[in-house]
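Q: Quick mapping for you: the protein sequence lines, in order, are chains S and Z.
Going letter by letter, the first sequence gives residues 4 to 115 in our numbering.
Going letter by letter, the second sequence gives residues 2 to 542 in our numbering.
Hints were generated in silico from the structure; no laboratory data involved.
This one's a predicted model, so the numbers in the text were calculated from it and none came from an experiment.
Please note: incorrect hints may appear among the correct ones.
The list that follows gives simulated cross-link-like pairs (lysine-lysine, DSBU-like), each with its CA atoms no further than 30 Å apart [stated by the list, open to error]: (1) Z:Lys504 to Z:Lys486; (2) Z:Lys515 to S:Lys29; (3) S:Lys24 to Z:Lys515; (4) S:Lys109 to Z:Lys515.
Quick look at which bits of chain S chain Z covers, simulated, 3 or more residues with Cβ under 8 Å [said to hold, decoys possible]: (5) 12-24; (6) 106-112.
Computed far set for chain Z versus chain S, every beta-carbon distance over 12 Å [to be verified]: (7) Lys40; (8) Pro154; (9) Gln450; (10) Ile521.
Note that the Cβ used here is the ideal one computed from N, Cα and C, for glycine as well.
Residue-level listing of the chains:
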Amino acid sequence: MSTYFLCLILFCVGLYAILRKRNIIKMIIGIVICEYAINLFLILFGYKMNGRSPLYSPDQQILDMVDPLPQAMAMTAIVISLATTALLVGIAIRIYEKYGTFDITKINKLKG
Amino acid sequence: MDFRNMFIFDPLSKLIGVFIVLFTVLISIYSAKFIKHRKITYYIWVLLTALASFGVIFSDNLILITIFWGFLGLSLFKLINLYDDEKASAIAKKTFIIIGATDGFLLFGFLLYHFLTSSMSLSANKLIINNNLSFISFIFIAMACFAKAGCMPLHTWIPETAKNAPLPVVAYLPASLDKLLGIYLLVRIVKDSFFLDVTAKFTLIIIGAITVICAVMMALIQHDIKKLLGYHAISQVGYMVLGIGCATPLGIAAGLFHMINHAIYKCCLFLDAGNVENETGTSELHNLGGLARYMPITFITFMVAAFSISGVPPFNGFVSKWMIYQGLSDFMNSLSSYPLKIIVALSLLSALVGSGLTLASFLKVISSVFLGNARKHAKESSFALLLPVIILALLCIIFGVFAYSTILKFITQAIGSFNMVGLWQPVGATALIAISIVIGLIVFKFSSQKLRVSDTYTGGEELNPKEEAKIEDFYATISEIPFLKKIYSLAEAKVFDIYEELKRIIFVLSNVLKRLHNGILPTYLTWCLIGIMGLFFVFFR
Numbered sequence: 004m005s006t007y008f009l010c011l012i013l014f015c016v017g018l019y020a021i022l023r024k025r026n027i028i029k030m031i032i033g034i035v036i037c038e039y040a041i042n043l044f045l046i047l048f049g050y051k052m053n054g055r056s057p058l059y060s061p062d063q064q065i066l067d068m069v070d071p072l073p074q075a076m077a078m079t080a081i082v083i084s085l086a087t088t089a090l091l092v093g094i095a096i097r098i099y100e101k102y103g104t105f106d107i108t109k110i111n112k113l114k115g
Numbered sequence: 002m003d004f005r006n007m008f009i010f011d012p013l014s015k016l017i018g019v020f021i022v023l024f025t026v027l028i029s030i031y032s033a034k035f036i037k038h039r040k041i042t043y044y045i046w047v048l049l050t051a052l053a054s055f056g057v058i059f060s061d062n063l064i065l066i067t068i069f070w071g072f073l074g075l076s077l078f079k080l081i082n083l084y085d086d087e088k089a090s091a092i093a094k095k096t097f098i099i100i101g102a103t104d105g106f107l108l109f110g111f112l113l114y115h116f117l118t119s120s121m122s123l124s125a126n127k128l129i130i131n132n133n134l135s136f137i138s139f140i141f142i143a144m145a146c147f148a149k150a151g152c153m154p155l156h157t158w159i160p161e162t163a164k165n166a167p168l169p170v171v172a173y174l175p176a177s178l179d180k181l182l183g184i185y186l187l188v189r190i191v192k193d194s195f196f197l198d199v200t201a202k203f204t205l206i207i208i209g210a211i212t213v214i215c216a217v218m219m220a221l222i223q224h225d226i227k228k229l230l231g232y233h234a235i236s237q238v239g240y241m242v243l244g245i246g247c248a249t250p251l252g253i254a255a256g257l258f259h260m261i262n263h264a265i266y267k268c269c270l271f272l273d274a275g276n277v278e279n280e281t282g283t284s285e286l287h288n289l290g291g292l293a294r295y296m297p298i299t300f301i302t303f304m305v306a307a308f309s310i311s312g313v314p315p316f317n318g319f320v321s322k323w324m325i326y327q328g329l330s331d332f333m334n335s336l337s338s339y340p341l342k343i344i345v346a347l348s349l350l351s352a353l354v355g356s357g358l359t360l361a362s363f364l365k366v367i368s369s370v371f372l373g374n375a376r377k378h379a380k381e382s383s384f385a386l387l388l389p390v391i392i393l394a395l396l397c398i399i400f401g402v403f404a405y406s407t408i409l410k411f412i413t414q415a416i417g418s419f420n421m422v423g424l425w426q427p428v429g430a431t432a433l434i435a436i437s438i439v440i441g442l443i444v445f446k447f448s449s450q451k452l453r454v455s456d457t458y459t460g461g462e463e464l465n466p467k468e469e470a471k472i473e474d475f476y477a478t479i480s481e482i483p484f485l486k487k488i489y490s491l492a493e494a495k496v497f498d499i500y501e502e503l504k505r506i507i508f509v510l511s512n513v514l515k516r517l518h519n520g521i522l523p524t525y526l527t528w529c530l531i532g533i534m535g536l537f538f539v540f541f542r
């Protein structure tokens, strides 16, 4: 149970960075931390104490395997998060080129 | 759905309908000359107003009444804001907010009424006021009537509208049509929808008495003729509410009769003020004087209407005020406990004092506008501007002298039969007044002493011997009395204006809310997140 709470705390750290930081780069880092927290949560959810790796072979029981589904999902999520992070950083670079700052309170001419 | 039950054509609705037609026709004639720009827009809204008014008075269904009532608020806004100038649009906004807010109260009152009686009809069954819900329902519906008719504390839009809006609009809506409709709905709910208990009756009576006395005190110190008439328009509503608050047939009939009379003479007064302003270009009492010799017909009609509003016999205002006094004293005799009797007696006293103060204030208006030295040269208005006021002044005399044989018959049909407590024979009294005037003229003709020299009448003010007596400053001393001075200065600062008070509170609140809107996206995200967490807490606990 305590591991789930630790995941929640990690997620909240990321959320704090997204909501309260003025710097775009810090916000992106906050998003990445959130993703890590979620991935960690999924992996921990599927973990089984003293389990073995989920490789199937005819002579072995299925009972003491670790659940493979969260691991597969976490793999997919990591790849997707890599792509989104790249996109976010790209946008941040474009914003810096245009406004000369990463501070979102000074970026206020987004219309038009 | 049965459409026959949604409308009502009883003598009360028909009586009000006749007067709506009368005022619409007269104002249309007057406006043909008076309104010079945007005539088409103006007439479209006047006709739509008349149609919506018919909708209100002839419908019996709660939803229909609300819809037409709401539309009247919109047409009032569009008519006040006819020329889009700055002052008029500000006051039009204020009017729309006051009327619109009370429309909301009306809707809520109707909702409660429907909940308690489980019928959509306003006059099908009477609701006995015996618990808080029914009392709230009654008061909320009455509040809409008060705002429409301009009773305190929801009166504040009337004086400013009277000053800034186009004059035919003022004569049409706040002076006549809104009074007809507001008091009509009040009469309808008192007569057909509710059995009033003591609390409801005394709420109405106290509101009426306060309205009479406070509005007339404000009217005394005004310098602008239109604003002064606007305050009188508020003060007279107090009499109607006083009469209706008795909830006896005599009281309701008196209130209804006074409302019709008020619409007639106040419309006449406003149209006369319009004639004066049209010819001289000003409505300030300081700049007017001696117009009687240039505008005799305007002078005579104004005087008839002013005597009517002040309750001078034999004009119509006297008859209806007399009926209201009778209704109040009758109601007082029917009560058993002494404190309640004293309240009714004080209301009666305030009505009497208010009537006297009205006369005093019109003394000031008549003598400063039409008598004294001429400060401006003018000529009599054209026929189209005079015809409506002549008709209205004639109606003032007819409804006064022949009250029993004309208008009171219809009112008896509408309300039910009632017995007069006091004695008043209008025809005989008028004959006596006429005979005494004739005898006076004969004595004047044949007596040796033709003229009597007396001091200049100063309305009780001290006369500065070096200066000319300033008629427009009559009663200015009232505002110097220590206690009243404070009240007047507070009233000038709009402390008693419920709209201004609410505006102040809302600005304080919105300043707090404005600080939350800093235009930074993560702040809004934070609020969204807190909201979602709250929702999760409530629903998935």
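Q: Which earlier hints turn out false for this structure, listed by number in ascending order?
A: The structure conflicts with hint 10 only, although it agrees with all the remaining ones.
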